[in-house]
Structures are given as structure tokens and as C-alpha cells.
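Student: Listed here are the chains, written in short residue letters.
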Amino acid sequence: MSTTSDDRSAGGIAAPAGDRGGILEVFKREPVALAAFTIVIFSMPLWIPVLGGYEGLATLIVIWGIFVLGFDILLGFTGYLSFGHAAFFGGAAYVTGFMYRDVSDNVIVAFVASQVGTLILAVVIGLLAMRRTGIYFSILTLAFAEMLFAAALSIFAPLTGGYDGMTRLQEPNLFGVKMDGLTIFYIAAAMLAIGYAMALRLRNSPFGVMLRAIKENPMRLEYTGINVWRYKMAAFIISAHYAGVAGFLMVTYEPYVATKFLHWSTSGEVVIMSVIGGVGTLVGPIIGAGFVLYFQNVVQAVIGEQWRLILGLVFVFVVAFLPGGFVDLARMVWKATGNRLRARRHNVPDMELTETKYGTEERLR
Amino acid sequence: MNDLFLTVLAGLQIGAIYAMLALGLTLIFGTLGVVNFAHGALYVIAIYAAVQVAINVDFTVALIVVPLFLFVVGVVFERGVIRFFYDRPHTDQILVTFGLAIVVEEVAKWLFGANNIPFPRPDWGDGVIIFYGPGAVIPPVPVFQEAPQLWLPFIDGFVTFDYWRIILIGVTIVAVSVLFYLLQFTRFGLIVRAGMRDSDMVQFLGINIARRFAMVVGLGAAIAGVAGLFGGPILGVTPDQGMKLLVPSFLVVVIGGMGSLAGAVLAAVIIGLSLAFTADNPDIQAVIIYLIAVVVLLFRPRGLLGRKGVFE
Amino acid sequence: MTMTKKGASRRSVLRGSAALAGTALVTPHFFVKNAWAQGECATVGNFPVEGPTVTFGFNVPMTGAYADEGADQLRALQLAQKHINEGGGILATLQPLALTGQGVLGKQVVHVTGDTQTNPDAARQSARRMIERDGVIMFCGGSSSATAVTRQYLAQEMGIVYMHGLTHANETTGVDRRRYGFRQFFNTHMTGLALGPILANEYGGDRAAFHLTADYNWGHSMSGSIKDATEAQGWNTVGNIATPLGATDYSQFLVSVLNSDADVLILNHYGNDMVNSVTQAVQFGMRDLQKNGRDVQIVVPLYSRLMARGAGDNVEGVFGTTNWNWTKDNPGALAFVSAFEEEYGFPPSQAAHTAYVQCILYANACEMAGTFYAPEVIRTLEGMTYSGDGYDSESLYRAEDHQSFHDILVVRGKAPSARTSEFDLLQIVDTVPRSVVEYPIDTFPGELGEYCPA
Amino acid sequence: MATGANGAAQDRDDILQVNGVSKRFGGLQALGDVNLTVARSSIHAIIGPNGAGKSTLLNVMIGLIEADEGEVVFDGTPLRGVSPHNIIQRGIARVFQTPQIFPGMTLLENVAIAGFSKRDGQFTVNPHQSLKRSEVMDEASAILRRVGLGGKVAEDAGHLSRGDKRRLELGVCLAAHPKLLLLDEPTAGMARHDTNKTIDLLKEIADTGVTKVVIEHDMHVVFSLAERITVLAQGRIIADGKPDEVRGDPKVREAYLGGEH
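Chains as they are written, first to last, in the numbering used here: chain A, 1 to 365; chain B, 1001 to 1312; chain C, 2001 to 2454; chain D, 3001 to 3261.
Since the hints were made in silico from the structure, they are not lab data. Model, not experiment: these values are computed from the prediction. Don't be surprised by glycine CBs; every beta carbon is placed ideally from N, CA and C. Misleading hints may appear alongside valid ones.
[As the list claims (entries may be wrong)] Simulated crosslink set (DSS-like; lysine-lysine; CA at most 27 Å straight-line):
hint	chain 1	residue 1	chain 2	residue 2
1	D	K3179	D	K3197
2	A	K260	B	K1244
3	A	K335	D	K3152
4	D	K3152	D	K3118
5	D	K3203	D	K3118
6	A	K260	A	K178
[As the list claims (entries may be wrong)] Incomplete in silico selection of chain A near chain C, CB under 8 Å:
hint	residue
7	R101
8	D102
9	D105
10	A151
11	S154
12	G162
13	Y163
14	T167
15	Y294
16	N297
17	G304
18	E305
19	R308
For reference, chain A alone in the conformation it holds in the complex (with noise of 0.2 Å):
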């Protein structure tokens, strides 16, 4: 898989040619690393029933592999946590659903509909919640979605069908053509494939370095000239993007809406997915969101009634003992097996419990 070859260049710019891989080196890889990654997961339908999968889970590997995508964006690079990224899958899912039921069974309408929808969700949950960091900034995240939830359920009951979901939905298609089957899956998959070379391309960008500079020094990267308020609302807003275009393709996938989409749940569901695959290196948690999917598709099936007991005693071992999730594991191999790399570690970035990172001159004010 394209896992080592592409987390090597998650250090952004590296040293001139020469020195030690460098800037170069990355650049030659990232074309690499993308068509790796759009064969590996085009392929899938041909690959996975050997794991004892199947199209429909390949399917779903594919729309939460762009959920968790986004989500790296934010958390991996900027540092931010967000407790309710829910609000944009189910938001988007939700404003798809509306459409397939009562307005237009095309998929571009729906798709066109639910990113301005996700795009006003953003920037409003944003502007406020954006304005605080650390764990205060993953509460308000968390409360604006179940906020939202708990709105879905009551007063926009009559419009969402309340705990039920949505039902009763027209069967979308792009002018003529259905979307089910491996119809769907590609335009997943090419969607996913976009979507990883868009967050390639941002992170080998300045605008990538922004982001990492955020994480690491908010104060010093605004007293070097640079707008951070609008670099993390970009951040913030393309993240929430992902989320929606995957909240779209769940629905077109599937027509139907659930109400867990907005459940707090689902936006744990996506911190464990990019936890134990690798936060900050793009594939890791895509890999996250196949080991769960596979785990609660097929290796339910087989564990039966205890499960989600195994799956807990699993993430609570990977969490302990592989904090940089599976593509440290991967990582590790590679060294063991006498591959020298730069061992830069993508560890979960702290989520800062401080209010602020601002040096002691902060306290001055």
C-alpha cells in the first residue's frame, strides 16, 4: 500500500535537495502516492471480498474514508478537535435526504444543495466556536452538533421524521442513471481519489504550512503577518466540506437518513477511525475508517453478541500501545526490517486543555 511512501513527506518541506530526502524527494512522490492510492482503492471491489468483505462495505469504507480525510485536515493539521463533526455529515445528509424527498431526485441538485447548506453550517458554528481552543473549542463543537440533533428530534420533527430518520425518499439518479450498486462506489471512490489529492496538494502548499503553524505557534505565525483567524476558518470550513460531501454520499448510497448521523457518536466514531489508523498522515485514517467498517461489517458476524466488547479492548490497546496508530505500526515494521527513515512521529497533536498557547506575553493583557 501507499502508506510509507506517502507518510514520509507529511513533514511538508523538508531541507533543500540534498540534505536528507527533502523537498525534491517529495515531490516526485506525490504524484506516487496518489496514483497508489487511486488504484488501491478503485481496486476494492476486487480485493475485498477476498477479506471477506463485500461491495456495499467497500462502498462505505470509501464515503467515510472523505469523512475521516476531512477530519485530518483539521485535527492532523491545525490541531483542532472537533467533538462535532457529526453536524456537517448529518447536516449534509439531512439537506440530501430533504432534497431526494421533496424537491429533485438528481444528484446534482441534492449535492449542489447540501455543500451550501454544510457551507452555512460551517462558517456559523465556525465564527463561534473557532474563537476558543483546546478542549473548550471540542466542547462548543460537540454542543452546536447535538444542538442540532436534539433539533432534528424535536422541532424540525414533522420535517426530519424525528428518531425514524428519513424515510420514503426518491431513488436518486444523474439523469437517468442509479445510483446503487458500483455505479455509486466509483463515484465515491473518484470523489475519495479528489478529495486525497486536493489534501495532498494542500498540505505540500504554503497554504499546509499555515495550518501546521497554527497548531504549533498561533501567536508567533499572527506576529508574523499572518491572518491565523482566516486560515483556521479555511481550515475549519474545507474540513466541515469533507464531512458534507460524505453526509451527501451516505445518502445517495443509501436513501435514507439516519438520525445517528448527527449523533455525538458518529463524531466519536470518526476521532476512533483516525486515531487508530495515524492522525496528521492522511491515509492512516482512511485505513482507521476500514479496520472499524470491517470490524462492525464482517467481524461482527463472526464474534457475534461480544463484539463491540473486542472492538473497545482493540482501540483501548491501540490508543496504549500505538500512539501513532497503525501507520506507526506500519512505520515500525519498515525500521525493523532495516529501512532507515526519518522517524518523525505523527502523534495525536495535545489537544491543549489551555485556553490559549500564547507565551507568558499573552498574560499581559
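Use these hints to put chains B, C and D onto chain A, whose structure you have.
Tutor: For chains B, C and D alone, coordinates are given in the frame of chain A:
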């Protein structure tokens, strides 16, 4: 007036459970800097331990055994898990404790099933309490005649309330008082409070902070034990109780100010009352707790009583 | 090409690949499904069934609040599988009977399981896995209307028959009814029809009722049905508060009830909601209270023995309805209960009964139709009358909405002293005959959809 | 504001004017009616005992702290109400007392960020821009060589010594091509040898026309660098003039001797 009185009682009683869980959470957070998402799981262990002892032995025995047992669970939990995460990012702490919470829930389901286990209350706590006002005539029903009665000047006629819930409110007041006493007037409390302010400094002074840390988690767990003892007969005994209480009690901690004990109690009361007073309007009740959290965090980020400089 | 190894069961792969034949690099084109097609539809689900076995999907909650009901359903479904393959159980009593106790259409039944997690999304995903990967011809089970409805739509899309488990909302066979979904369980409307007269008879015709209602479709549906049924008897509904699904503390709502002048409390709750609300209502002294000169009464419209157990002594004397109870002594019930007890050592719940009957009814219909081809099986079930399924009289699967009509039991909680075992919690007050609860088809609007999946 | 217009007209060779700035922290008068002008292309030192308000004054200049009264005029424009990143974009850079860098990023990235800030402005989303061999990267490595960190470009900044961090921060500031550079004790914690190297570097930068305001305790540094010296004590200016004038001022001696030493 009767209406208002009963609603306030209901609010206080809802807040009581939150207060006890939030106290443990905020204590552990304040001292150890660890966000313990497994605190709900401690409550789950408490209710199952309590109901088993109450059914098979006696509730009075459970009264002593369960908090002690939870104290031990807490100490083991700190020594066995948490201490390996002091130097890890808070995200890791949250995730590993969250994972453990899932494990505890699933083990409880495995052992005892997903359905409720009826939790019989001891005779001394069963039945209703009667509040009556001037000139009230209490009907000659035996249950009412035997029930505890309290005269309150503002009650019109008489009203009944679940006696156990009044006991719960009382127990919470006692638990909070004992905790404040421990922290305010004992050497242990002095060190813990110093540790809440600056754990490095306390360590520097050569005080065995590790043992105290274990004690703190034990103490937090023991309060969860008390909450389970008195909350179990009301809220039921099911494996998902922990997860249901986790988010609200965590929000209570944040609203009160992370690490602030008084803040946790205050926030719990506010949340309890706001839930009780919005009971007739489910649309508002569903969002009220989050609305309060958002408003507080936006206008007073360190919470209602959070101290500046310590957690900021 | 592992995907097509199982060949026939890859309907959507084929359809998808046809759409993408020009673009996809590698597409499985080995099979053309139409070659096997029979009758009116091009392709129907996982038909035809190849090989010596046929796979049923047992799709029940294993985690979440209804896990215990799910576990009981799973036991019953495994028992049904055993009886289909080896004979026994209600095969001795069911009429008309085509099953021989040697599998279905000469094939042994095997099963796969999936966890619905009491969550509509997870339920749909696990059903999809059974259909796509495991090639099930039918799936069965479940313990909430939300999961039932969403899977019913999936069943219609995929052309796989879904035999419902426990789902009580009117919508399942009302506005959300589907050609590929069948419900043996009763619904809130039938509960109202059965319960109303008995409540009026027991408590008088001029009561004031207060509803606490779980805030979701089933809750509102239940509340509406009871309101209609009791008001038809002359009762007055003085209040209705929606309580959040999964609420644990009902004190703030019970305070409102105390403050009203209602003398009957109706708890439109199920599962742990019901356990908590009924327990806490008793804790607040509702059973000892008097209002308007009469004893205050509590009613739980939908009873479940498993749940009643969770509420302990608090259900004593509380009225409600149930789809079936293991204490019934007709031949079908006896056959099922004794087989279940022999296998597992304790009596089955109503959730187990409905799952068991559903599974056997499906297999029987296949045998009667002589094919697994879903449209034929559906037509066989539609309008079928049968007996020996655990009820005293004949039951019917109505063709127009796929709702089964049979006797309904009005029960009340037994006093602890009257119980003969820890499973003996409900006393049957009345067996309400099918004729009373069989409502006209135009009560609820809805379209079943086509026989061909879409 | 009258003072603003007046200040701008006063002397067009002044790049920075501080007009009547006062700031209180609770009961403490951190700055009291401070008036100060900094001549273009000069090196201007601010000295004074601990707690005299020197860092506060710098913080007011870059908008980190808002003054209670008075205003700061940079290059003819008043800075009140301008957000910090915009102040920086106008050509001020600041080296902090505790080095502020991006610890988890390489030295090259640290410096490049300032380069991008100079090139792209305060905000841009342009994923097509390449990091590869861009002029920004080339310049960044040149700057790192210039501040004496040329051999460590690919190291994580967090692992540097305190002195190296200070140099790195200076490099970050230089990459922004400031008109005015504010330095808060740029040689603190450095050995004499390194201090001298830093003095040389600062002189060299001054030759390129960058104005510098330096806070410094080390009188060796002050008198070998500064063209003009302002002495602060208890938030007020007690002396202002050429090094020789200040050296002989009795008030300065008193402030220092009566203060700390």
C-alpha cells in the same frame, strides 16, 4: 406555589446525580489533569455492585461496601491505567478512558444482560414524603399516614414527593460537605489543592504525589459509588447508564469551570433546575443543557467559577 | 475474480458493471443473470438459490438497549431453523403445512447473523451485508419500528423478503408498508382497539387520562391510538408530555402529572423507558394516590415480559397488551413453548414467538409456492389464513398491507405472590379475538409497491 | 487626532512615533505618557531597570497590548485599531523575550513562513503554489546561513538551544523584510563570543536600511550598537539622547543605582 415547589425539588434531585459525578470528574481533572471519560463506567460498576449486594445481602451493607469497593476500583484504575497516561496528550487520555468505558459497558451487558435489574429500595427509604401546608387534611390512606410528613407554610393543601429522592438530595449535600471538608481542612486536602494549582511544585517539594493521585481517583470513584447507590434505584440498572450520564456530567464540569468543585455543584443545580422547568416543552428541554454550555463558553470560557491561571 | 465466485448472488455488481462497462478497467461479466430469470422480473434478489443449502439472515439487536430481546429472538430463530430442517415445534400444529421437516424445497437451511445495534443505520448496513455478501434469500428479526421500516425499504430495493420481528408502530404496515415486508406483530391501533373497552370496563367510563409519551413515531402513534380508543369510551385526555427517548429520570414529568387532576397515567414507553417510567411513577406514589375520589391507575399499553421483569414488583396490577404470552395453552403455543424450554431451559418471550413464527411461515410459504422466487412467495403469503401458530383461533396475513391479524392478549402485571416463576409476570385478562382488532384497510393510507424489486 | 497629525508632520524622517502612550495594569502604571521617536534606518536602544516597562512598550508598538491613552504612528499611519497581522504586514517585526518559534517544524519551514507572509500577504489559498525551489525557500536557506544556522535547516526547531532559537527567531523576522525590527534582549543567554557575532549581524542588517529598536540589559551591546538611547524607569522616560549624553546623565545613574544595582 405547590407546582413551583415540586419542580424545584425535581430539579435539585436531577442535579444531585450530576453533581456527584461531576465532582469526581472535576476532582480528577483538577488534580491529575486527566479527562476521565470512564467516570460513567465507574458509575455503572457502582450500580451493579450496589444492586447485587442489596439483593443478595442487604442495602445497609451496600451502603458501606459499595463506596469502599469503588474506592479500591479507583485506586486500581489509577495505578493500572491512568498513571501511564500522565505524560500523554489529553486526547490519548480521553480516548483510552472512553475505550475502557465501552469495555465496561459491554462486560456489564455480558454478565447481567441489557435489561434493567429491579433495584429494591430499603424499607426506610421507600414510599413518599408528604409536604403539607396550613389546614391540610391528609386522606386516611395507610400509606400516607405512615409516610414522613413535613409542614411547610407555603404549601396549599398537601403534595407528595418520592421520599428516596429527598434522601438523594440529602446524601448529595452530605457527600459534597464531606469532600469540601476533606480538601479544606486536612493535610491530604492541602496537598491535593496544592497539586491542583501546581503539581510540579508539589512534586518538587518531595511529597509522594503518586500515592495521593491514586487516592484522588479513589475518592472520585467512591463518590460515583455513592451516586450509584442512591441513583441506581431511581435511574435503573442498565449497562448504558454510564454513557448516558457521561456527556451531561462532563458539560456540568465545563460549565462550572474545569477543576472547580464549587462550580461543578453550582452548574449541576443550574442544569437540574433548567431541565425541570422546561419539562413541559420538550423542544427546549432537548437543547437547554447545550445552550447553557455554549453561552457560558462563549462569554466566560473558563466556566462559572473556574479560577484564572490554573486551567487557562 | 472472487466477486463472482458465488455467481448468482451478485445482482448489483452486474447491474453496476453494465452501467460502467465502458469505464471500469475490470468488470465481472461472467454471468448474465437473465439466464435464470423466471416470471415477470429480470432479477430478484439472490434468487435462484444454488447448492444444497439456503441461507436465512437473522438480523437482531445484539448490542444496545434491546439486546436481551434480540438474544431471545436469535434463540427462537435458531430453533425455527432446527425445526425446518429436522421437524418439531409448530410443524406439528401449523395449518396449512407444506414443510416436511427436511429443509425447504430440498435444501437445508443455514443462517448468518447480524447486529442491528437497535439503530436504523446499523440495521440497514448489517442487512445489506447479509444480502450482498452472504447471499441470504430472506432476513428476519429486529426490535424497533425505526429499524424495521428502514430495512423494509432496503428489502424492496434488493428484492429480499423481510419478515419483521418486533415492530409495533402503525407506519410499518401503514404509510411505510412495502411489498417485501411482512409483519406478524400487532400495532398501536390494534392495542387501542383491544385495550379501550377493557379499561373502561375496569376503571369506569369517565376517567381523566394523562399521557407520558416517548418522543418518536411509535410513542406518538401509541398515544394517538390510546387517546382515540379511550375517548371513544368517554374518557377525557387532560395532558400529554413528550419525553425524550432514552430518558432515565422522569421526575420532572411526573411532577406535572401530580399537579394535574388526571386519575389515570398512560405510559407510552417501551423498553427501558417503560421500566423507568413505571418504576418511578410507583415511586412517586401514583398507585397509592387518590384523585377525583378514585384510585389513580397506571397503564402501559405495550407490555413485554422481558421489560416487565426489569420493572420488578412495580408492574403489579398495571394493564397493557401483548402480542402473545408463553402461558397460552393452545396446541401451537404448547408445541413452541415446550420445544423452546427443552432447548434453552426457560420459556420464550413474545419477541421470540413472533420471530419464530415469521421464519417458519416464510419457509412454509416457499414450500407451498414451490420456489424461492420472491414474487411467488409473496403472493402465497398474501391473504393466507393459517392456524396452529400459537393462537386460539385462525390468523390472517392481509394481502393489502401485509399486516397479520390474530388474537391479542390484554394482560396485567401479576402480584409477586401470585407468580409461579420468575417468568410468570403477566396475567392474561382477556384474549381479544381477531374480529375486534381487524381494522379496515383504509384506516391507514399506503402503497405496497411492485412485486419486482426497485 | 491632533497628536497624530502633528506627529506625522513633525519629522518625516521618523519611522515610528510614540505619542503620549499610557498603560495601566490594575494598580500598576506600566507606561506613563511615553513620547518617543525613532529615526529611520537607525538603531535605537531602550534601556532601563527591570520592570521599567520596556517590553510593554514594544508590545504596544505591535498591537499585542492596546494603550489606554496615546497612539503609535508607524510610517505616517496611526496603528490604533489595526489588527496585529496587519501591523506586521506594514513592515514591523518583533523578536520576543522568550523566543517564539514553531517548535515542531524544521528551521527552513520556520523561516519560509515569514517569506510566504511577505510574498502572499496575510492570507491566501493557492494550492498550486509550489514549495519546490521557490524563491522563498531559497531565500529562507540564505537567511538561515546568515544567522549562523545554515547547517541545521532540516532540524526540528524545538530541539535547538535557547541561543539558537533566538537566532532562528531573528531569521524569521528578517525573512519578512521589515522596515522596523523590534528586538527584546536579542543576546540574552548567549556567550560573549555569540553576542559579538549577533552584534555584527545586527549592524550588518542596519546597513541594509532596516530600523531597529533594541531592548537590552547588556551595556556592552547597547553602546556598541545604538545610535540613540531612551532610558525608561517606572514607565516614564527619564533620558533620551545619543549614547554619550545618556552615559553622563545623573538621572540615569540614579535610576540604575537606586533601582537594582
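Student: Does each hint fit the structure? Answer for all of them.
Tutor: To see whether the hints hold, each was checked on the structure:
no. : hint              : in the structure
1   : D:K3179 x D:K3197 : 22 Å, holds
2   : A:K260 x B:K1244  : 15 Å, holds
3   : A:K335 x D:K3152  : 24 Å, holds
4   : D:K3152 x D:K3118 : 23 Å, holds
5   : D:K3203 x D:K3118 : 23 Å, holds
6   : A:K260 x A:K178   : 25 Å, holds
7   : R101              : 12 Å, violated
8   : D102              : 15 Å, violated
9   : D105              : 13 Å, violated
10  : A151              : 13 Å, violated
11  : S154              : 7 Å, holds
12  : G162              : 5 Å, holds
13  : Y163              : 3 Å, holds
14  : T167              : 6 Å, holds
15  : Y294              : 11 Å, violated
16  : N297              : 5 Å, holds
17  : G304              : 7 Å, holds
18  : E305              : 4 Å, holds
19  : R308              : 5 Å, holds
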